[in-house]
Amino acid sequence: MATVPSPDATPSQAAPARALSAGVYDDAIVKLFFTATVTWALVGMLLGVFIALELAWWPANAGIAQLTFGRLRPLHTNAVIFAFCGNICFTGIYYSMQRLLKTRMWNDTLSRLHFWGWQLIIVSAALTLPFGLTQSHEYAELIWPIDWAITIVWVIFAINFFGTIAVRKVDHLYVAIWFYMSFVITIAVLHIVNNLQIPATLTRSYPVFGGLTDALVQWWYGHNAVAFFLTTPFLGLMYYFLPRAVEKPVYSYRLSIIHFWSLVFLYIWAGPHHLLYSAVPEWAQTLGMVFSIMLIAPSWGGMINGLLTLRGAWDRVRTDPILKFMVVAVSFYGMATFEGPLLSIRAVNALGHYTNWIIGHVHSGALGWNGMLSFAILYWLYPRLFGRPLAKPEWVTTHFWIATTGIVLYTVSMWAGGLTEGLFWRAIDATTGQLRYPVWAYVVEKLAPFYWMRLAGGTLFFGGVVLMALNFIISARAARATTPATGDVLPARA
Amino acid sequence: MSKKERDQILGHGAESDGIEEYDNPMPNWWVGLFYATIVWAAGYVAYYHFIAKKSYVRELAAQMAEAEQRWPRSTQLAKVEMTPAAIAAGEVVFQANCAACHGAALQGGIGPNLVDTTWIHGSTPEEIVATITNGVAAKGMPTWGPILGNEKVGEVAAYIISKGQAPQ
Numbered sequence: 001m002a003t004v005p006s007p008d009a010t011p012s013q014a015a016p017a018r019a020l021s022a023g024v025y026d027d028a029i030v031k032l033f034f035t036a037t038v039t040w041a042l043v044g045m046l047l048g049v050f051i052a053l054e055l056a057w058w059p060a061n062a063g064i065a066q067l068t069f070g071r072l073r074p075l076h077t078n079a080v081i082f083a084f085c086g087n088i089c090f091t092g093i094y095y096s097m098q099r100l101l102k103t104r105m106w107n108d109t110l111s112r113l114h115f116w117g118w119q120l121i122i123v124s125a126a127l128t129l130p131f132g133l134t135q136s137h138e139y140a141e142l143i144w145p146i147d148w149a150i151t152i153v154w155v156i157f158a159i160n161f162f163g164t165i166a167v168r169k170v171d172h173l174y175v176a177i178w179f180y181m182s183f184v185i186t187i188a189v190l191h192i193v194n195n196l197q198i199p200a201t202l203t204r205s206y207p208v209f210g211g212l213t214d215a216l217v218q219w220w221y222g223h224n225a226v227a228f229f230l231t232t233p234f235l236g237l238m239y240y241f242l243p244r245a246v247e248k249p250v251y252s253y254r255l256s257i258i259h260f261w262s263l264v265f266l267y268i269w270a271g272p273h274h275l276l277y278s279a280v281p282e283w284a285q286t287l288g289m290v291f292s293i294m295l296i297a298p299s300w301g302g303m304i305n306g307l308l309t310l311r312g313a314w315d316r317v318r319t320d321p322i323l324k325f326m327v328v329a330v331s332f333y334g335m336a337t338f339e340g341p342l343l344s345i346r347a348v349n350a351l352g353h354y355t356n357w358i359i360g361h362v363h364s365g366a367l368g369w370n371g372m373l374s375f376a377i378l379y380w381l382y383p384r385l386f387g388r389p390l391a392k393p394e395w396v397t398t399h400f401w402i403a404t405t406g407i408v409l410y411t412v413s414m415w416a417g418g419l420t421e422g423l424f425w426r427a428i429d430a431t432t433g434q435l436r437y438p439v440w441a442y443v444v445e446k447l448a449p450f451y452w453m454r455l456a457g458g459t460l461f462f463g464g465v466v467l468m469a470l471n472f473i474i475s476a477r478a479a480r481a482t483t484p485a486t487g488d489v490l491p492a493r494a
Numbered sequence: 495m496s497k498k499e500r501d502q503i504l505g506h507g508a509e510s511d512g513i514e515e516y517d518n519p520m521p522n523w524w525v526g527l528f529y530a531t532i533v534w535a536a537g538y539v540a541y542y543h544f545i546a547k548k549s550y551v552r553e554l555a556a557q558m559a560e561a562e563q564r565w566p567r568s569t570q571l572a573k574v575e576m577t578p579a580a581i582a583a584g585e586v587v588f589q590a591n592c593a594a595c596h597g598a599a600l601q602g603g604i605g606p607n608l609v610d611t612t613w614i615h616g617s618t619p620e621e622i623v624a625t626i627t628n629g630v631a632a633k634g635m636p637t638w639g640p641i642l643g644n645e646k647v648g649e650v651a652a653y654i655i656s657k658g659q660a661p662q
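Chains as they are written, first to last, in the numbering used here: chain A, 1 to 494; chain B, 495 to 662.
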């Protein structure tokens with residue numbers, strides 16, 4: 001095999017720390033997860049665009065039950081959270097942890113079982129949810145056989161993950177690894193507890209918890225799925241890929257320790273803020289609310305550690321689209337983690353709950369934070385992982401602007417639509433003392449323009465992902481056409 | 495920590511893929527914000543539950559009592575007159591307000607069918623008027639009395655009776 005210089009050894013960072021790179025690491029598994037990430041991004045976001053169209057123009061479902069909003073909405077959320085975000089986390093974790101721990105993944109077979117198992121789980125979601133097979137728990141819709149499969153695949157991942165930590169060749173565990181650990185451990189606990197169901201048939205089961213307990217467990221799970229699937233692993237990714245891309249030291253080690261522990265400790269209590277003004281005891285509601293307020297600083301700790309790492313590199317943000325993606329991602333993280341606590345305040349929640357404001361809130365996190373950070377990582381990894389340059393580097397900047405415009409249209413329309421809805425619902429006629437707009441459909445009609453605007457924003461965001469996928473495909477073709485077939489640019493397994 | 499001591503490299507870089515970390519202090523405003531939210535949280539719990547002893551269950555009861563005083567319930571129900579003019583006016587009211595749930599041809603949809611022989615809440619003109627006026631909260635039917643006023647309630651009842659199989 002031809003010896004190719006390690007793509008990791010960039011001139012400015014040809015550190016001896018990275019000399020181990022060649023031949024030691026399993027990058028084939030990273031490539032698999034990379035490809036899955038891009039594939040599921042396309043599928044999940046296309047579904048999002050389609051159901052956004054259905055809200056603006058319902059005949060889009062063509063009268064086919066499997067295509068209706070209620071059936072496809074959980075498929076969209078599962079596809080973007082567990083398929084797209086899950087796979088980018090695995091891409092980044094498998095790439096960075098081998099390098100941070102200076103060792104190959106503990107067991108290659110487990111890596112592959114994890115990869116193929118996870119993709120099969122996603123395919124089985126697509127084969128059940130549209131047909132109405134669901135547990136009816138938000139973000140935990142998948143029926144019990146798939147839940148069992150998730151548990152098995154997750155345990156495989158966990159064994160491989162902690163096995164790799166056990167055989168590491170360094171003493172110090174870098175901050176990214178702590179965040180990955182919180183991801184692996186907490187998701188296992190959350191998934192198992194919230195999916196405790198007694199199977200009745202192959203596709204149907206009954207939850208162990210009932211009524212209020214079920215609701216509390218569900219939102220302990222739902223809230224912490226956001227915390228430990230969409231926040232902590234992504235912070236870990238930020239702690240690895242941001243300083244690598246900026247080529248600057250992390251601003252404060254001390255801040256990373258304090259905000260890590262305060263974040264994981266406080267997040268786990270905040271779930272009841274999803275159940276304000278419900279039958280949940282008022283003291284439990286208060287607890288959910290105050291823990292959410294106390295989360296502002298720990299969340300912002302991650303944002304400021306990221307942004308302050310950019311000190312002295314801000315001029316490069318103007319020219320480097322990867323840094324642009326990262327800055328916007330971290331900023332949206334800061335914004336969404338301020339909006340969340342704001343929405344958990346009783347008085348604000350009374351206006352915002354059940355409205356499209358919530359949809360806007362989750363998408364400023366999902367599109368802004370998870371999406372933009374993922375794109376930065378994919379673009380940064382591509383030349384290093386596949387050993388070939390991007391064919392259309394200028395498209396990356398185009399993607400950035402399309403995506404940013406899309407997010408702005410999305411969040412602004414949902415804020416405006418959500419406030420409209422909230423105010424219409426609570427309006428009282430002063431002369432009669434009755435609801436001013438008692439006809440539900442009347443309020444829905446008023447939302448149509450906001451739904452169209454959201455569709456435009458979502459379409460732009462999806463268009464950016466199409467551009468990215470095309471860029472990768474064109475780059476692969478161009479590389480195949482110009483370079484002799486030397487096989488994998490990275491050396492084979494050790 | 496003075497300016498000079500800032501940006502000191504910790505020296506973990508060789509063990510974290512070349513990524514160095516500074517031993518910088520946490521920004522004061524950030525630490526202040528964190529403490530402030532903790533103090534606020536304790537203060538809010540003390541105020542809400544122990545000092546003001548607030549509860550939204552009691553708040554709701556108080557607001558309902560106030561509303562009951564400010565907008566007393568009407569005790570007079572609408573009268574139904576089966577005249578062609580009333581029925582025609584009732585049709586307009588029905589199509590504007592009721593058709594969304596009960597169907598343009600009264601065949602039902604979200605709300606029940608009004609032209610079959612089943613009368614869930616009674617079939618006499620008085621019972622139909624009462625159902626329209628007071629609504630059926632459990633099923634999502636609004637209280638139309640104060641919204642439409644007695645005259646329109648009477649007209650729409652006349653229209654329903656004219657269309658349906660209720661005894662006249």
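It cannot be assumed that every hint is accurate.
Said to hold, decoys possible - Listing some non-contacts, in silico: residues in chain A with all C-beta distances to chain B over 10 Å:
1. T109
2. W144
3. H172
4. S252
5. W395
Said to hold, decoys possible - Derived list of chain B stretches under chain A, where covered just means 3 residues or more per stretch with a C-beta under 8 Å from a C-beta of chain A:
6. 499-506
7. 528-535
8. 540-549
9. 609-621
10. 645-654
Worth flagging that the hints you see were computed from the coordinates, not collected in a lab.
Given the structure is predicted, the values throughout are model-derived calculations rather than measurements.
Ideal Cβ positions, reconstructed from N, Cα and C, are used throughout, including at glycine.
Here is how each hint holds up against the structure:
1. For A/T109, the condition that its CB be more than 10 Å from all CB atoms of chain B holds, with the nearest at approximately 25 Å.
2. The claim that A/W144 lies off the interface holds: its Cβ sits roughly 33 Å from the closest Cβ of chain B, which is beyond the 10 Å cut-off.
3. Once the 10 Å rule is applied to beta carbons, A/H172 is inconsistent with being away from chain B; the minimum gap is 4 Å.
4. In this structure A/S252 is not separated from chain B by more than 10 Å, as the shortest Cβ-Cβ distance comes to only about 4 Å.
5. Non-interface call for A/W395 relative to chain B: holds, since the shortest CB-CB distance, roughly 29 Å, exceeds 10 Å.
6. Counting residues of the stretch 499-506 of chain B whose C-beta lies closer than 8 Å to any C-beta of chain A gives 4; at least three are required, and the coverage claim holds.
7. Counting residues of the stretch 528-535 of chain B whose beta carbon lies closer than 8 Å to any beta carbon of chain A gives 5, which reaches the threshold of three, so the coverage claim holds.
8. Against chain A, the stretch 540-549 of chain B contributes 3 residues with a C-beta closer than 8 Å to a partner C-beta. That satisfies the three-residue criterion, and the hint holds.
9. Restraint check on the stretch 609-621 of chain B versus chain A: 0 residues with Cβ-Cβ distances below 8 Å, three needed, restraint violated.
10. For the stretch 645-654 of chain B, the stated coverage by chain A is violated: 0 residues have a C-beta nearer than 8 Å to a C-beta of that chain, whereas at least 3 were required.
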